[in-house]
Every structure is written in structure tokens, then in C-alpha cells.
Amino acid sequence: MLELRLLQGSLLKKVLEAIKDLVTDANFDCSATGFSLQAMDSSHVALVALLLRSEGFEHYRCDRNLSMGMNLNNMSKMLKCAGNDDIITIKADDGGDTVTFMFESPNQDKISDFEMKLMDIDSEHLGIPETEYEAIIRMPSQEFARICRDLSSIGDTVVISASKEGVKFSTKGDIGSANVVCRQNTSVDKPEEATVIQIQQPVSLTFALRYMNSFTKATPLSNTVTISMSSELPIVVEYKIAEMGYIRFYLAPKIEEDEEVNS
Amino acid sequence: MLELRLLQGSLLKKVLEAIKDLVTDANFDCSATGFSLQAMDSSHVALVALLLRSEGFEHYRCDRNLSMGMNLNNMSKMLKCAGNDDIITIKADDGGDTVTFMFESPNQDKISDFEMKLMDIDSEHLGIPETEYEAIIRMPSQEFARICRDLSSIGDTVVISASKEGVKFSTKGDIGSANVVCRQNTSVDKPEEATVIQIQQPVSLTFALRYMNSFTKATPLSNTVTISMSSELPIVVEYKIAEMGYIRFYLAPKIEEDEEVNS
Amino acid sequence: MLELRLLQGSLLKKVLEAIKDLVTDANFDCSATGFSLQAMDSSHVALVALLLRSEGFEHYRCDRNLSMGMNLNNMSKMLKCAGNDDIITIKADDGGDTVTFMFESPNQDKISDFEMKLMDIDSEHLGIPETEYEAIIRMPSQEFARICRDLSSIGDTVVISASKEGVKFSTKGDIGSANVVCRQNTSVDKPEEATVIQIQQPVSLTFALRYMNSFTKATPLSNTVTISMSSELPIVVEYKIAEMGYIRFYLAPKIEEDEEVNS
Numbered sequence: 598m599l600e601l602r603l604l605q606g607s608l609l610k611k612v613l614e615a616i617k618d619l620v621t622d623a624n625f626d627c628s629a630t631g632f633s634l635q636a637m638d639s640s641h642v643a644l645v646a647l648l649l650r651s652e653g654f655e656h657y658r659c660d661r662n663l664s665m666g667m668n669l670n671n672m673s674k675m676l677k678c679a680g681n682d683d684i685i686t687i688k689a690d691d692g693g694d695t696v697t698f699m700f701e702s703p704n705q706d707k708i709s710d711f712e713m714k715l716m717d718i719d720s721e722h723l724g725i726p727e728t729e730y731e732a733i734i735r736m737p738s739q740e741f742a743r744i745c746r747d748l749s750s751i752g753d754t755v756v757i758s759a760s761k762e763g764v765k766f767s768t769k770g771d772i773g774s775a776n777v778v779c780r781q782n783t784s785v786d787k788p789e790e791a792t793v794i795q796i797q798q799p800v801s802l803t804f805a806l807r808y809m810n811s812f813t814k815a816t817p818l819s820n821t822v823t824i825s826m827s828s829e830l831p832i833v834v835e836y837k838i839a840e841m842g843y844i845r846f847y848l849a850p851k852i853e854e855d856e857e858v859n860s
Numbered sequence: 598m599l600e601l602r603l604l605q606g607s608l609l610k611k612v613l614e615a616i617k618d619l620v621t622d623a624n625f626d627c628s629a630t631g632f633s634l635q636a637m638d639s640s641h642v643a644l645v646a647l648l649l650r651s652e653g654f655e656h657y658r659c660d661r662n663l664s665m666g667m668n669l670n671n672m673s674k675m676l677k678c679a680g681n682d683d684i685i686t687i688k689a690d691d692g693g694d695t696v697t698f699m700f701e702s703p704n705q706d707k708i709s710d711f712e713m714k715l716m717d718i719d720s721e722h723l724g725i726p727e728t729e730y731e732a733i734i735r736m737p738s739q740e741f742a743r744i745c746r747d748l749s750s751i752g753d754t755v756v757i758s759a760s761k762e763g764v765k766f767s768t769k770g771d772i773g774s775a776n777v778v779c780r781q782n783t784s785v786d787k788p789e790e791a792t793v794i795q796i797q798q799p800v801s802l803t804f805a806l807r808y809m810n811s812f813t814k815a816t817p818l819s820n821t822v823t824i825s826m827s828s829e830l831p832i833v834v835e836y837k838i839a840e841m842g843y844i845r846f847y848l849a850p851k852i853e854e855d856e857e858v859n860s
Numbered sequence: 598m599l600e601l602r603l604l605q606g607s608l609l610k611k612v613l614e615a616i617k618d619l620v621t622d623a624n625f626d627c628s629a630t631g632f633s634l635q636a637m638d639s640s641h642v643a644l645v646a647l648l649l650r651s652e653g654f655e656h657y658r659c660d661r662n663l664s665m666g667m668n669l670n671n672m673s674k675m676l677k678c679a680g681n682d683d684i685i686t687i688k689a690d691d692g693g694d695t696v697t698f699m700f701e702s703p704n705q706d707k708i709s710d711f712e713m714k715l716m717d718i719d720s721e722h723l724g725i726p727e728t729e730y731e732a733i734i735r736m737p738s739q740e741f742a743r744i745c746r747d748l749s750s751i752g753d754t755v756v757i758s759a760s761k762e763g764v765k766f767s768t769k770g771d772i773g774s775a776n777v778v779c780r781q782n783t784s785v786d787k788p789e790e791a792t793v794i795q796i797q798q799p800v801s802l803t804f805a806l807r808y809m810n811s812f813t814k815a816t817p818l819s820n821t822v823t824i825s826m827s828s829e830l831p832i833v834v835e836y837k838i839a840e841m842g843y844i845r846f847y848l849a850p851k852i853e854e855d856e857e858v859n860s
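As they're listed, the protein sequences go chains P, X and L.
Start counting the first sequence at 598; every next residue gets the next number (the working numbering).
Start counting the second sequence at 598; every next residue gets the next number (the working numbering).
Start counting the third sequence at 598; every next residue gets the next number (the working numbering).
These are computed hints drawn from the structure, not numbers from a lab.
There may be inaccurate statements among the hints.
Identical copies carry no separate label here, and so any pair may be met within one copy or between two of them.
Using 30 Å as the maximum straight-line C-alpha spacing, the simulated DSBU-like pairs for lysine-lysine come out as follows [unchecked claim]:
| no. | residue 1 | residue 2 |
| --- | --- | --- |
| 1 | Lys769 | Lys617 |
| 2 | Lys765 | Lys610 |
| 3 | Lys837 | Lys787 |
| 4 | Lys610 | Lys814 |
This one's a predicted model, so the numbers in the text were calculated from it and none came from an experiment.
Chain P with its partners taken away, still in its complex shape (with noise of 0.2 Å):
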């Protein structure tokens, strides 16, 4: 039997809103360390991963490994009936072929009960390696949302180019190009506010627009987004969940000849 009680319903919101504009189908897993997903989008180049640690839940009960299928989909739609100070569960019995979302409101005067249908989903596990990057920027994830945005309406792909003093943004289109440079700033008021860059050595990548812009989605689960970068290796765009976890997005950058045949 599976039983998370999740004092903060809105974060489970946060996180589908984050992800089912990439993946339509998936996998949670729920284990005694916690629950998570890992998908790829449904054009097979872009990896998610979410963890929610056990420790984060106020109640926490899986008697065995469970790997429970859903249209995500269908999942936000039954979220989204939830209330932003909605306390919500998730519970499942061990063979079932169902999934119940129940929502408490705050005052215990409106208890809500969404049963979904499971779903038989082949996924294979992709081992991720831990690496060490060349290239560790976090910035607040408002600016990196809007930067993606910004360039979108004037080409497809960014350049990402970190180095010491900064990190810049580039992009070109038949309209023109543009350049946005955000530099190294620690001393700011509040450290959410902050870009901090490190550097073990210069790195400068490609990626599609449109997948950073996927990725944004998750921006209202942190203030902060840490971009990790290093040559020929996929990037990770990271989302943390206060005291719970991550949200990960992996990309692979362009090569070079991409990037000839799409200018």
C-alpha cells in the first residue's frame, strides 16, 4: 500500500505544470527513498528528473516499490482541482490499477477524492553518470525564464558561453541577432537575487530554444535555476524543491553542423 500526505499540495502542482508540456506519459516511481520520475519528452530528446525525498512528505507510507503509469495530462487536469493550500495525498493499493489523489482544504470542510486510472508503460532506467562540469552557473530563475523568451522572438537556438566575468546569450534570426550578458554579481541584497559563476574552464554550447523554454515551466517551484555545462556532455537545467528535491532537465547541445544547416 502507498500513502503520501503532502502538507504542501501546491508544490505537486507546480510540478506537473513543470512537466507535462514535454512528457505525456510516465512512470512514477515510489520507493522508500522517495518518489520520482525519469522520462524522456515525447520527440526523444530531452531527459527529466524529478525527485521528491520521502523525508520531504509529512506522512510517508510504501510498503513495497511501486512504478504507477499516468497520462500527465489527465494527472494536471485532477491536480489542478486542488486548492493552492490544499493538502494533498496520494494513495494506491499494491496491485491496483488505480491512483487517488484526495485534496483536504484548509480547514478540513471540503475533502475532495480523484481516482485515475493507471496506465502500462514500457520505460527503460537511464543510468546518469555524476560528472564534474567545466561550467556552474545559478542565477535567479525568473531572468533565465525571461532571457529564453526574449530570444525566441528572434531566433531558434542559443549560444551559451560561460566564463569568469559572466555568461552570455546569443542568438540570430532573419530579423537580426542578439546578445545578452549576465555578469558574475554576489553582492546583491538577497542571495536569490544572485549570479554566481563557476568556472573551471570556458564553455560555449548550442541548444534549441524551444527546449529552454519547455524547462522554464518549472520556474515558479525555485527561485533559482543552477545550469551545469560541459563540452560534448548534455546540460542540466536544475530546479530545486525546498527541502525536497529537484526537478532536472538534461539537453544535449548541438554540433556544429546543426547549427550551419539550421542558419
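Since the structure of chain P is provided, determine the placement of chains X and L on it from the hints.
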């Protein structure tokens, strides 16, 4: 001659927004008692009854009973041109074929006259018998609107079941099922946040969510909604209009056969 | 070389939003006096004239007169990437075929360069003679915008009639007719809320509401609008740009025959 001056003009704006999606053309009836309307929706399934009592108007002159046929969509276009703080006066001549809406801004600097052609509309006035209902539920109108909207994302019909403990709204659809229970709750800070259930015997009836959602367009008119139900009688969904009257929506329950065909 | 630095970058953003729906491509003219534009709308009915005086810029360098042809839609896309508090600098080389917009965030942490290709645009500069107008109306810009929008829901043209007492906006359409009267009012708390009418003789002219509504896109630039009218002359709708200049829209009145054809 007819001249009705309403200080709180926004009320009339809200009334139109509440009914214009349900009813296309309707007769507004003016008498010494008040300004009223009774109309079926275009598919002849739901009934709307509006009453604005004469005492609620700052000035109310109605020399003889008048029935004025109006296209509600056009009337709404004109009322949208009134500011929310404007005083609205409805004027008509006894034999005339037009009605005039006059809007006065609070400081009297801006005066608008909108003249609309009247229509001939056949309609029969249904006598609605006074009934004792088996269950009467009073609850926050926004809560009711939220539940109807939420359940529409799962199914097409709602089963409303009232008992002493509370009221349950249930639906079923392709992606799963949902139950929302609101408990009786009278110990709240503000009386308009209470959920009060008067029961003579438990009732459970099924309705089309499409109509329920139309009725909730009246939510801005009142903080609370009153739902009256008896087996085999149409449900009444009533929004009180402060110190003036009400909008009531009537809808026949779906019978068992319907449910099976649809489910 | 051209280098114009504008501390209040949001002004330029608003200017583009005000004219980009009316004008597709236009030459921006730079001289020692200022940054200006004169253009007909795409159907050659309305004329826009913009002036941003050199004194309004924090830094204004214009070595020789330059005329830069720009697609306003593309220019608007780029300016939308500037933050509302950003400083905007416009840069161009004398013989070059590009213009660069530089955006600096208030704390200088983020610097963006957007480069846009220039176009060759044929245009003749019309001399607009200085005229004494028979009626000049100054009124709150939001009020004027609201009236134009409201009347558009009833008819296609507006008759604007100015007299000592006030200004009347009238329209007619299939569903009825409307008159909105704004009285002269100079005794208001804030000067920008006044409606001031200077009359040499009463004037009444008819205009297409479609264009009037386009002009009101400039509303965010100024709290007040000034409307100048004389019989048989184009109306002038002017929005002052604080301490820098103005946007003026010119539109010829419809003649009687037009009205009858359209009504």
C-alpha cells in the same frame, strides 16, 4: 412612461453577464412591483427567473405594465459601456419601440445615452408553484462555482447528494472519477463562508454540468448561493441580489436511463 | 555616428506599441534637433508624426542627419526584450545597414545588444501647416480611449461635436445608437483629470472609429490627450511625451456622402 433609476448600476451589468449566455432574447416585465424576467434557455431545458423589486431603485416610475423584448447580447454590449460606479437609468415610452439606458458617472461629468430597439418576443409566463424542498443547501457561491468547474474537467454530469453531514458532488468520465464533499459548517468567522444544510430527507439527483456552469456566471452577484432539491423536482439555484431580489435558475434532474446512456 | 541614450527606456517601448499596428515600415529621422518619424498608415488614410527632442535624451550624439528605415513589428519585438526599467541606447554607424538597441538593467548586471537590419523605404515628408483650430479639447486619455472602445461596440463611425458646454461623441449601428457627453470640467483635484474645451466656433465632424481606436494605443504615454478640430481639416489627436515631445495622429473627417453610404 417608464423610468427606473438604479444607483448601483454595476448590479444590472452583473445580471446581464449572469444570463446572457443562457438566454438569447427575452421579455423584461415592468410593473409596480418591480423589474422582472422569466425565460427558458435556447434549448428549453433550464429556466431563469429574475426579480429586481421596485424598492431597490432610487427612483421607480412605471405608469402601466410594460413587457419589453430585448436581445440580451445587444443589451449586454450597451451595459458594458457603463462604468462600474455609474448610475443607470432605464427609460421607455409606453407605446414606443425603443428603450434607453442612461449612464451617469459618479461626478456627473459624463452622461451617456444608449438607445436600443425592442423586439416582439412570444413567451408564456410559467407559474412556478411554491414548494417545500427536501434539502436546502446554502454555501459560498465561489466554492460552488469552483466545484462545478473542477468536475467539468472530469465528467459531463454531476450527482448532488445532500445529507445531514454534508453535500457530495460526484462525477465520472473517461479519465477517472471524482467526489467532492463539503461538510456542514456554521462556525465560521463570516456568515457568508458558512455551509448550512437543511434536510427533511436525504436527496441525490443528477444534473448536466454544462448548465450548472452557466448558472455560476451569477457568482459575482452574491457571496452565497442557495440550492434547493427534492426528488423528481427541478433543482433551484438561487443568487440573492442585495436588498433588491434574486436570480433563480431551475433545471430538471436527469433520470436514471439518461445516466446509463451517457455513462 | 549615432548614439542616443534614453534613461527612461520604457518610453520607447510605449512609442512602438502606439504606432506599430498603424504603420508597418517607416523611416526614423535623426538630426541635431531630435529623433522623429512621419508616416502614413498602410491604407494611406491616417498620418502619424512622432518627435523625441534631443534634450530629452541623457546622451545624444548625431554626427550627421540619418534616415533609418525600420520594420516596426521587428523593432517592437526587440524592444519588448528590454525591461521596463532598462536604459535604452540606439546606435548606428553613418554608412551602416544595421541599427543596434542596447539595453542596460538598472543595476548594470545585464547588458543586451539587439542588432536589426535596416530597410530602404521610399517616403516623402509632408509639410503640415500650423493651423488655428476652431475647437481644442483636452481630456483624460483613458476616458477618450474608453469612449472610442465603447462606441465601437455599437457603430463604425463617431461624430465628435464640440461646443462651449462640452464634447459629444455619437454613433449609430444595427443594434441602436449612443451619445456620450463629457462636460467641461476644470475644478478637479488633479489637473490631468480636467476636461478643458477651447472653442472659437462649434464644430461637428465624423470619423472612422477603427482609426480612433488605433490612435488610443498611445494612451500609456500620457495621462491626457489633446484633440484639435476645424471643419474640413483633419483632426489632430495628440499625446504629449513628458519633457521630450509628442505623438500626433492626423485623420481626415468623413464627408456627408460617406456617412450616408455607410449608415
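Evaluated hints:
1. Lys769 <-> Lys617: both (29 Å within a copy, 23 Å between copies)
2. Lys765 <-> Lys610: Between copies only: 24 Å across, 32 Å inside.
3. Lys837 <-> Lys787: Result: close within a single copy only, 17 Å intra versus 39 Å inter.
4. Lys610 <-> Lys814: both (12 Å within a copy, 26 Å between copies)
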